[in-house]
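Top line first, the protein sequences correspond to chains A and B. Following this note's numbering, the numbering of the first sequence begins with 4 at its first residue and continues without gaps. Following this note's numbering, the numbering of the second sequence begins with 1339 at its first residue and continues without gaps.
Since the hints were derived computationally from the structure, they do not count as laboratory data. A few of these clues could be false.
Distance condition first, Cα-Cα at most 20 Å in a straight line; then the derived EDC-like pairs of lysine to aspartate or glutamate [said to hold, decoys possible]: (1) K1379/B x E172/A; (2) K1412/B x E267/A; (3) K1412/B x D329/A; (4) K174/A x E1481/B; (5) K1379/B x E150/A; (6) K271/A x E172/A; (7) K1405/B x D273/A.
Covered, in the sense of this in silico footprint (three residues per stretch, anywhere, with C-beta under 8 Å from a C-beta of chain A), are these stretches of chain B [to be verified]: (8) 1372 to 1380; (9) 1433 to 1439; (10) 1448 to 1460.
Each residue gets a CB set at the ideal place from its N, CA and C atoms; glycine is no exception.
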Amino acid sequence: MKVRLQKIYEWIDQRVQLQDLINFMGKKYVPVHRHSVWYYFGGVTLFLFIIQVFTGILLLFYYKGSADLAFESIQFIMSKVSFGWLIRSIHTWSANLFILSAFIHMFSVYFEKSYRKPREITWITGMLMLLLGLGFGFSGYLLPWNELAFFATKVGSDIIGDIPFIGEELKIFMRGGEDVTGATLSRMFGFHVALFPALFSILLIIHLLLIQRQGMSQPIDFENNSGNEISKMPFFPNFFLRDILFWLLVLNLLAVLAVFFPSELGRKADPFAPAPAGIKPEWYFLFMFQTLKYFPANIWIVEGEMLGIILFVAAGFLWLMVPFWDTKSSRGQKNRLTNYIGLFAVIFIIVLTILGWIS
Amino acid sequence: MEAVDSLQQKNGRREFLKYLLTGGITGFCAALLYPLISYLKPPEQNEVAVSSVSAGKISDIEKESGKIIRFGNKPVILIRTADDKLLAFDAVCTHLDCTVQYKKEMGVIWCACHNGKYDLTGRNISGPPPKPLQPYRVILKGEEIYISKLT
């Protein structure tokens, strides 16, 4: 057996020089310091994405993307297909944990200032993937075609219609018409299973290649005392095994959540029924939704909601561009201002999410 | 002298080819993008031209209750009040597009999404709705209720 494996290895090695790859992996190191734990969250986010692709493909085998059949096909998955409830529940929970883990990863990178030169492109691709992740959440939410999803999509796309200049066009493009109908479901389905995964994969490849090429980012203090020996551990196998252990823990957590808190389906969407009480967006949109509630109907001559959206778009853009305005960090200097801005963002998001949750 | 001439001629030809190529590529991209963007724009659907619909018998709707009636492809809310009046309004909340309902306890038209309230003339009285609900005309012919647009 061992001889045969050795032969297969040699056969491949002769053609693609595997040894070079192994040598390359052996040279990769992960810096060890008191903030090392945050390095795991990128990997966990990747792991959750892989689970999403895997369970998503499984759901596609039974799901039917039309207004007449979508709800019934999910009912079928939940009640008739063996372990259908488990696959769907894992898909829903993994989606939530994916967003959470991506947010943790993003904030840890922000506070470590790992976006600084030369890793600007890694930051931008990461941020775009997070935005796509939110798009995955929004488009996937409608697919079961239940009451809550129907009205949440109505509200969500109506808010998008408030974006100045392009809002109305964008709303019609998203809805596939004036109203949320079966055409909207077809579009969201197309975004969710084809367009977004394709875009995400391209960004992910660039993101991962850059990390391999540039290595792990180190804290700024490490770079400053270059005379001293920096403690680090080899990526393979030391860090890799820790990564796998963390992934296993996450998989267990997912299983527990999916078994004890399986996804619900609710009632089928009926465009000619009143909206049910308790319409709320997914938790990761809640802080924006809650903030918009505090804006009065009109501020001077602009609609309050429109002003709120403009502010969010502007803040998001500044956040995306942080490697370019925080030039101090790129020069290896401490920048307290970015810390305060980051801290404000974290507190703002947490407080408004809680307020949105309890209201 | 001849050499300079031929060089100028060559440069002129190069410039010309550059413009031709840039123009060609631009045209090519436009020819690709135009059908693509047009395809993504949903086609205009002819709205079913409805001027009035039947909303069932008066015996089907209890006093102090409301129900949603399909008016073409839009929902309309029909309300039978405590003093036996029949009222109808556009059922789409003017705030964010949710469908409203009649709230008996409060005697108002209520939107569950963001707690918007309208009185029984359709006026927005509380919560986030920025505009009133458009009223419809209700006609009672014998037992049958008909709803039509106000012209």
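Within a Cα-Cα threshold of 20 Å, do K271/A and E172/A meet the stated pairing? This hinted pair is violated, its Cα atoms lying about 28 Å apart.
Distance restraint between K1379/B and E172/A, which requires alpha-carbon spacing of 20 Å or less: 9 Å, holds
Counting residues of the region 1433 to 1439 of chain B with a beta carbon closer than 8 Å to any beta carbon of chain A, are there 3 or more? Our answer is that it holds, as 6 residues pass the Cβ test (under 8 Å) against chain A, meeting three.
Using a Cβ cutoff of 8 Å, are there at least 3 residues of the region 1448 to 1460 of chain B near chain A, or does the coverage claim fail? n = 4 at 8 Å, threshold three: holds.
Are the Cα positions of K1379/B and E150/A separated by 20 Å at most? 26 Å, violated
Given the hinted pair K1412/B and D329/A, is their alpha-carbon gap at most 20 Å? Roughly 51 Å between the alpha carbons, so the hint for K1412/B and D329/A is violated.
Between the alpha carbons of K1412/B and E267/A, is the straight-line distance 20 Å or under? Outside the cut-off at roughly 29 Å; violated.
Please verify whether K1405/B and D273/A have alpha carbons no more than 20 Å apart. This hinted pair holds, its Cα atoms lying about 13 Å apart.
Coverage of the region 1372 to 1380 of chain B by chain A (three or more Cβ within 8 Å): holds (count 3)
Given hint E1481/B paired with K174/A - CA-CA distance at most 20 Å: 42 Å, violated
In terms of the numbered hints stated before, the structure departs from hints 2, 3, 4, 5 and 6, listed from lowest to highest.
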